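Need the complex rebuilt from these two chains, each delivered in its own frame; the hints are there to steer you.
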Amino acid sequence: MIRELVFLFFIFFLFPSLQVWAEEKIGDCIACHQKETRGIFQSWVNSKHARAGVDCITCHKSHAEAKPKKSAVEPKVCGECHQENYSQFLDGRHSIAWDRMKEHPQYQALPDALRKAFCERCHTIQSKCNSCHTSHAFNPEEAREPEACRKCHTGLAGPHDEMYASSLHGTVYLADKNPIRAPSCVSCHMHKGTHNISLGIVYDSWGNPVDKNGKRLSIEEQQGVREEMVKAVCFQCHIKSLTLERFELADTVKQRAKTLLDEAERVIRELEHEGILPKGVVLGAKQLYQETSRIEALYYRMSQFQNVYTWKGAYHFSADFAHWYGWAHLQMSLIEIKEEARKLRELNRLKK
Amino acid sequence: MKSSAKLLFIIVLSSSLMMCASPPKRTTEGIDVGFCISCHQERTPGLFQSWVESKHAKNGVHCITCHVDHQAASDQKAMVFPEKCGECHKKQLEEFRKSRHSIGFDRMRIQGEYLGIPQEIRAAFCERCHMVQKRCNSCHTSHRFSLKEARYPDACGGCHLGPDHPHKEMYETSLHGTIYRLTQNPDRAPRCVTCHMPGGTHNSSFGIARGPAGTRAQVVNMEEVPISKEEEERRREEMLGVCTQCHSRRFAKEQLENADQVKEEGFKLMERAKKPIQEIGRQGLLYPSVAERMPHPTEGRTLVLADPQLYVGTSHIERLFFTMFKFHTIRVWKSGYHFSPSYTHGHGWSEMQLDLIDIQEETKRLREMFRDLKK
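Here the protein sequences come in this chain order: A and B. First residue of the first sequence: 1, per my numbering; consecutive thereafter. First residue of the second sequence: 1001, per my numbering; consecutive thereafter.
Incorrect hints may appear among the rest.
[To be verified] Below, computed lysine-lysine pairings styled on PhoX-like, alpha-carbon distance capped at 20 Å:
#	chain 1	residue 1	chain 2	residue 2
1	A	K338	B	K1364
2	A	K343	B	K1364
3	A	K231	B	K1077
4	A	K177	B	K1055
[As the list claims (entries may be wrong)] Here are some of the chain B residues that sit facing chain A, going by a computed Cβ distance under 7 Å:
#	residue
5	T1044
6	I1121
7	A1124
8	F1125
9	R1128
10	D1154
11	L1161
12	D1164
13	Y1311
14	R1319
15	M1369
16	D1372
Treat the hints as calculated values from the structure; they're not laboratory data. Remember, it's a predicted structure, so these values are computed and weren't measured experimentally. We put the CB at the ideal spot given by N, CA and C, even for glycine.
Extracted from the complex, chain B is given alone in its bound form (with noise of 0.2 Å):
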């Protein structure tokens, strides 16, 4: 009994010994799943159990498919990019190319704003949604990978929500949404997918007709070049390609056309807004004036009313034209498309109503104020 001890005293002591000499070769050729398996069940125990009741795992694509080696992904953090799941879902990532999730990223660098944040911090806010140029994983979470779950409005609204662009808090607030809520049926009302991405496409900009935020300028394509007035129509075409599951064409039209006229009035109300603001700065009434404050990172030392306009460092009543811009027109707008009646009336149109007033009160007191100021 002793002597057994012993012997495997002396194997257990030898066997180590020798992994120390010679540790295990990091390539993928030889590294079966068990090898990750060995730590990762154990030092990461979530992750594990995610993929393990994945489609990945049935179909044995494991952790060297995707992540090729152990040093490779320790350099890249573990990060997986797209064109390596598109070694096997082409399909996907040839659609998910045409769309502008695929210049998330790189759009988003050459943003005013984003150029506006200090840049240690950037990483918290702007990167955390715009990453999904780089990561299927934004909506596909790790490691499970559940197309069911993608498909879910809660996948998108992890990004598209809040005061800049509320989509999923106008389409909670829509019929569509409160129908699709209620039953989680989406044959019965659609939900984000639906609508944006039919038939699976991973183009999410499917249908989509209408300019980038912020703007009134033509729709462009993704290389920032207006689309013609034809191919505008082909898009409309396309979405209500999707509406007409349901409704009449006439009247899937008709709706989509009243919120192009909905989106029209909000920028006229932006127009006038913009105004006043423009002779107050002729006018020398600016705190701080242009002249005095960081040059806009991209326009440089320029007035600049909406897009891409920044909310720190202006004045004032830019400010409040910010707000009204940034957070409200394109509640309207937007809201309009999503036919959410108490988000383009109640957050969006009535907000812009009351910013002008907040504008147009600013520029008079400003002018009586500072009368001696002017130019």
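Isolated chain A (complex conformation) (with noise of 0.2 Å):
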């Protein structure tokens, strides 16, 4: 009975509600809105929304609906004019990063609180086109600049923008603006204006050849991919041998960087079958950086930061990345993990 009685407290004063929203025009959102944020509707008058005729209920659709979603627009709402870049945008990574957070250990690991600071405001990607594209602008001119992505790619966990600046590509872009001069992150990754980021990438965030739903390319896939972004992009400025010279170097900087990887891996297992390390040592992609041996922790930093600035750096041809960064700290943690081995032998020995 209460149930009925709530539907049709609904029917009958929310639905005429809505209607008059959706009916009313621009002017009443505007009539609080140019007052109470007014940085908001400033970047939206000099849009080309603005001018085009998009405005404030055309995505947010009303007052009620927006308020509950906290103004959430998703990409979805975006695709309804914008169809082929909604349907680039779901045919790469970018529209599936929330959902592999969601299923990661170390997101899970962390309290709610430090996952919507943390891994959401980026991860958000997936429901929102103006991670990129912000609000309420909306510049594509703002979002083809390497700024746009160097707020999420950036950073321990995936220095994406510092490989780029400290490239000769991002050194001659950032000096000239000029696409043409030298490429910026859309140019390789974006090519033509596709909103499918994914295209000519090889490989996930753990360096294994798969594509977005974690189906193994073949070698021949693996190649195609790659083909696509060199031919389109590459050629542009560069001959062909030098390019797949320059790529094929990369490839075995990362075969070696996972050598050592592995040089690490066997070190650790060696203690975990000696009873001086508790069986079940997870090591890689679902490896946490809390409550585990300092071993492992030494491991941690190999796998997920400096093996990454080695293989991602030299893709990006950034020497000192794939050197310094990366080379060098992943050679002196190996040095680190042998000795913390040869003392934990030792103090399990003399414990005995």
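Spelled out as structure tokens, the structure:
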């Protein structure tokens, strides 16, 4: 009975009021928001959206609908007009970022409040176009600059911005701001404006050659994916032989870095086998940076930071990242892991 | 209408057959830029566009002027060596030859660190920057070769950054760098080239009076011969000539001398850290011991601390020292000369002190834990 009453309440009171909002004009929003959220209003008023008559209601639908969503507008709403961009976006890894984050044990190991302040701020890209096209200007020129990517693609876990900025590509682009002279992030990763940011990318975040859905790519498929980028982008300035040579060099760097990781893993597995470390040590992609032994923590730095600097640095042609932040630190960590193993064994022996 | 189409077809067919029979000759003479452009405008449009907007293009310096011919270019993967650029830019080439840039590749090849890296990946690491010996387009990037661009700190920053020599970061955190970044006006504050390439000289070693990284040794000249005290003073005076454009001579001299003192203090601290490691080595507590490990590529089977120490295959306590000498000492003294307090102190001196604690603690631990191993 109560349920029916609530239903009737909605029908008779709320629904007509929604109708009113939907029919209301932009003037109603502006009447308040021009004053109350001046920054947003100003950004919008100078935008292409404003000129084209795309106003608050077009995207936010109604005041009542916007409020519970905290004004979030999801990509599929943008896709109502920007169909091609939306379908390209769905082909790229940005569109699964949130789902993958939620599956990750490190995310699950974090307290709620920290999840929001840490992982979610970037991974929310799955549900907001305004990660890159910032509200309320939604300016494509702004979104094309490396700064737009930097907010997320920076720092310890993925210093793509730093690698790019220290490469010759980044140096020339940042000096001249001319994408004909040298590529910016989007020149390679969103070639000709595609919103499939996974174009030409062979590896996932962990360096495995898999597609968006986790299906392993055959050698031919990997070559196909790479060729897509190389032919469309690199050949604009570079000759074929040199370009392919550069990529093969980066492949070799990646393989060599993996051998150092493997060596470190062997040292740790031996300790596990000898009963010095408890069984079930998790290393690599699903490893946590908390509440493990020190030797595992040393491996964490190797696999999550230094290894990534090495191989991604090589594909971004940043010698500094590939060598000094990457390879050199991998080698130094390996020394530390071996020393730690020696000490753990000695302590174990003394205990007996 | 139909017959004219047929005629056109015959003309096209016969001319293409003629082209197959006698391919265009690829010699320097007779090749005009149109020949290159006919393909490269489409195949490498980015490169073409950069050139078209360059001063080179305006002055008739085209593909063949530098690349000589298609075969030669193809053989050397389109590289053009400084000698070639020097045919027109004589003064710049001469100056360049006086700088350490011009021996960057040769010196790299005899470095232990370089030799300690697997051969097949060296090209991705050291060689990318040390190539500066062989390519003017390290700084004057292809194919615009823009002067304006080469004068920006970013042009130097592609190589002069990172853990082992954060020149870019030091500069950016100095007052010089701050003012330049805000105003982009080299008259307000110096950028890299103001001090290191004054008046446009391509001798980037101008005014540098202190020795190579990681050593306390005397400054050496291009032939690796230590320079005289007088020469050292002459170089310092050279640099003071730049400083006095804004600062009084007394002030500038005092600042540089203060940096000299900072450098000395940094090296003293480093020496303090060497001693316990050498003792540990004598007691046979290094793991792996010098005898058990890959010999040093240039020094052989010996304990190497500081330059040319390797970061690979040593013991943990040596690795702690490596971090101190390679990353932190260099910040102390080079940031002293670049006037970056956050680098010379925070990232340098304090890190060195923390390294020293680590090394001393490790010494104690090794002695306690592996007493039985002592000889």
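Verification of the supplied hints:
Under the criterion of a C-alpha separation no larger than 20 Å, the hint pairing A:K338 with B:K1364 is consistent with the structure, at around 18 Å. About 13 Å separates the Cα atoms of A:K343 and B:K1364, which keeps this hinted pair within 20 Å; it holds. The hinted pair formed by A:K231 and B:K1077 meets the criterion: a straight-line CA distance of about 18 Å does not exceed 20 Å. This hinted pair checks out: A:K177 and B:K1055 have alpha carbons roughly 19 Å apart, not beyond 20 Å.
Interface hint status for B:T1044: upheld, as the beta-carbon distance to the closest one in chain A is roughly 6 Å, under 7 Å. The criterion of a C-beta within 7 Å of any C-beta in chain A is met by B:I1121, whose closest approach is roughly 5 Å, and the hint holds. Of the supplied interface hints, the one on B:A1124 holds, with its beta-carbon coming within about 5 Å of a beta-carbon of chain A, less than 7 Å. Taking 7 Å as the C-beta cut-off, the interface hint given for B:F1125 holds, the closest approach to chain A being about 4 Å.
Annotation: B:R1128 was flagged as interfacial toward chain A, and the flag holds, the nearest CB pair being 4 Å apart, inside 7 Å. Restraint check, B:D1154 versus chain A: the minimum CB separation of about 5 Å is within 7 Å; hint holds. The beta carbon of B:L1161 comes within 6 Å of a beta carbon in chain A, closer than 7 Å, and the hint placing it at the interface holds. Look at B:D1164: its Cβ gets to within about 5 Å of chain A, closer than 7 Å, so that hint holds up.
Residue-level restraint check for B:Y1311 holds (minimum Cβ-Cβ distance to chain A is 5 Å; threshold 7 Å). Taking 7 Å as the C-beta contact cut-off toward chain A, the hint placing B:R1319 at the interface holds, the least distance being around 5 Å. About 5 Å separates the beta-carbon of B:M1369 from the nearest beta-carbon of chain A, less than 7 Å, and the hint is met. Interface hint status for B:D1372: violated, as the beta-carbon distance to the closest one in chain A is roughly 9 Å, over 7 Å.
Violated hint for the displayed structure: number 16, the only one.
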